[in-house]
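S.K.: Spelled out, the chains give:
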Amino acid sequence: MTNEQAKQILQLYRPGTADATDPAFAEALEACERDAELKQWFSNHCALYAAIRSKLKKIPVPEGLKEQIIAERQVHRTPVWQKAVLTAGAVAVAVMAVMFLNPYFGPSEPHDFAAYRSYMGSVAEKSYGMDTNSSDLDAIRTYLAGKKAIADYVLPEPLQKNAKALGCVATTWQGKPVTMVCFQTDRPVTDPTHHSDLWLFISGNTIAKDAPQAGTPKFEKSNDLITANWTVGNRTYVLATRGDPQFLSKYLPGNTVL
Amino acid sequence: MGPGLNFESVVERFYEPLYQFAFGLTRAEADACDLTQQTFYVWATKGHQLRDQTKVKTWLFTTLHRAFLESRRRQVRFPHYELDEVPLDLPTLSPATVNELDSPQVLKALGEIDEIYQAPVTLFYLEDCPYKEIAEILDIPIGTVKSRMARGIAQLQTILTRDDRESHRERKND
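Residue numbers (this note's numbering), protein chains in the order written: chain A, 1 to 258; chain B, 259 to 432.
Just chain A, same shape as in the assembly (with noise of 0.2 Å):
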């Protein structure tokens, strides 16, 4: 074997992996051992490798996207019982789907709205961390403007003179980024450990093909949540909290219709 063979192979070589003990190495590894111009330049191809793949590994994973996932999946499990009338209707919807020819033939999970709605309505009413306690609204704003969070929302005027600010996280849905702003209402706390009973979602108005589009907020009840939910530009927002519309309206424009 040249020493050029010899490279061409171990440029493929990864040090501290199974490479080590692979056979189509072993004979590229052992010239190595009697050349030492070999040995040079197969040295520097692993510190090479080394130097790039720790720059790869330094990938930044999303904060909270394991919880995500965890819960996504937890909304889609399905009960045993419930599991013989879906294989039933699955089954049809499998034959029908053939007899279209849908190439897009594959598994979805809701991108709608309500699972959005749904989905975030479930995150304020669990425990939760805040990404940064503050009561202060133009400190929080920095603050997600600092973590490159959604941070050029509007909030509504009464929801600014009648909540008062507590924090605010910086998650996603589905990959998308979502604001949550959380504010503690007049109403008396009950959960000592969780002073939060307001909270505003902000995300992209493609948040979901079928988000609001207009800027008066309508209501709408999501599990044990009420929610108003409305645009302005490329913003959608969520604001929930327990309770009824008349309650919620306190903290919206005065033209809104319950």
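Careful: at least some of the hints might be erroneous.
[Claimed, not checked] Straight-line alpha carbon distances no greater than 20 Å define the calculated SDA-like cross-link-like pairs of lysine to any residue that follow: (1) A:K66 / B:D289; (2) A:K221 / A:E125; (3) B:K315 / B:D360; (4) A:K164 / A:N205; (5) A:K57 / B:E274; (6) A:K66 / B:P353; (7) A:K39 / A:Q8; (8) B:K315 / B:D422; (9) A:K66 / B:K366; (10) A:K147 / B:R285; (11) A:K58 / B:K390; (12) A:K57 / B:T303; (13) A:K218 / A:L159; (14) B:K390 / A:A20; (15) B:K390 / A:K66; (16) A:K209 / A:L155; (17) B:K315 / A:L159; (18) B:K390 / A:D19; (19) A:K58 / B:Q363; (20) A:K148 / A:D138; (21) A:K148 / A:M130; (22) A:K57 / B:L384; (23) A:K66 / B:T303; (24) A:K176 / A:V61; (25) A:K176 / B:E274; (26) A:K7 / B:E270; (27) A:K148 / B:K390; (28) A:K164 / A:F247.
[What the hints assert, rightly or not] Now the in silico label distances, taken between C-beta atoms and shown as ranges: (29) A:S135 / B:R271: 38 to 46 Å; (30) A:Q184 / B:P362: 53 to 61 Å; (31) A:V232 / B:A286: 42 to 50 Å; (32) A:G146 / B:N264: 33 to 41 Å.
[Said to hold, decoys possible] Coverage of chain A stretches by chain B, computed from C-beta distances (three or more under 8 Å per stretch; other residues unrestricted): (33) 65-72; (34) 168-176; (35) 228-237.
If you're looking for bench data, these hints aren't it; they were derived computationally from the structure.
Virtual Cβ for every residue (Gly too), placed ideally from N, Cα, C.
With chain A held as given, fit chain B onto it using these hints.
M.R.: Just chain B now, with coordinates in the frame of chain A:
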């Protein structure tokens, strides 16, 4: 899902390398998150069909790579080259040069190599799988894996060398 494998433990173990692989392919956080989530969704619904539990990692990476290809809806069939057809023309790039760069610069360079080489090169640097498993993940023969890697690595190193020269030139001009 196979016995002894619960969903949470599979997510815990593989979500980070899968996300990094997806990011290496897409270089967009939202797309990488979507691909990772879609992969685990498929795992949740079809993972029970996998009988050999030692293949979970390969299965997940294969699923993610297929989802990526599907999302790109590629029409082009890429030619297969064998390793001995690949010229050995690696530039002289030193580890010290790479150490001076930051991660985004290396990622940017990865994004500049021919698309066909991006997945093999990403797996080359990020994952420790044997070549046989990489061939399964990419669904191409092992010889093609190696040839694409070799070409991709050469391109990556050429780009990094070029970027290094340019930044030196800029520093001199400053």
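S.K.: Does each hint fit the structure? Answer for all of them.
M.R.: Against the structure, the hints:
no.	hint	in the structure
1	A:K66 / B:D289	15 Å, holds
2	A:K221 / A:E125	14 Å, holds
3	B:K315 / B:D360	28 Å, violated
4	A:K164 / A:N205	26 Å, violated
5	A:K57 / B:E274	10 Å, holds
6	A:K66 / B:P353	33 Å, violated
7	A:K39 / A:Q8	14 Å, holds
8	B:K315 / B:D422	35 Å, violated
9	A:K66 / B:K366	26 Å, violated
10	A:K147 / B:R285	18 Å, holds
11	A:K58 / B:K390	26 Å, violated
12	A:K57 / B:T303	29 Å, violated
13	A:K218 / A:L159	16 Å, holds
14	B:K390 / A:A20	15 Å, holds
15	B:K390 / A:K66	28 Å, violated
16	A:K209 / A:L155	23 Å, violated
17	B:K315 / A:L159	48 Å, violated
18	B:K390 / A:D19	11 Å, holds
19	A:K58 / B:Q363	12 Å, holds
20	A:K148 / A:D138	15 Å, holds
21	A:K148 / A:M130	16 Å, holds
22	A:K57 / B:L384	7 Å, holds
23	A:K66 / B:T303	17 Å, holds
24	A:K176 / A:V61	14 Å, holds
25	A:K176 / B:E274	18 Å, holds
26	A:K7 / B:E270	38 Å, violated
27	A:K148 / B:K390	40 Å, violated
28	A:K164 / A:F247	15 Å, holds
29	A:S135 / B:R271: 38 to 46 Å	40 Å, holds
30	A:Q184 / B:P362: 53 to 61 Å	39 Å, violated
31	A:V232 / B:A286: 42 to 50 Å	26 Å, violated
32	A:G146 / B:N264: 33 to 41 Å	37 Å, holds
33	65-72	holds (count 6)
34	168-176	holds (count 4)
35	228-237	violated (count 0)
Hints 3, 4, 6, 8, 9, 11, 12, 15, 16, 17, 26, 27, 30, 31 and 35 from the list above are not met by this structure, while the remaining hints are.
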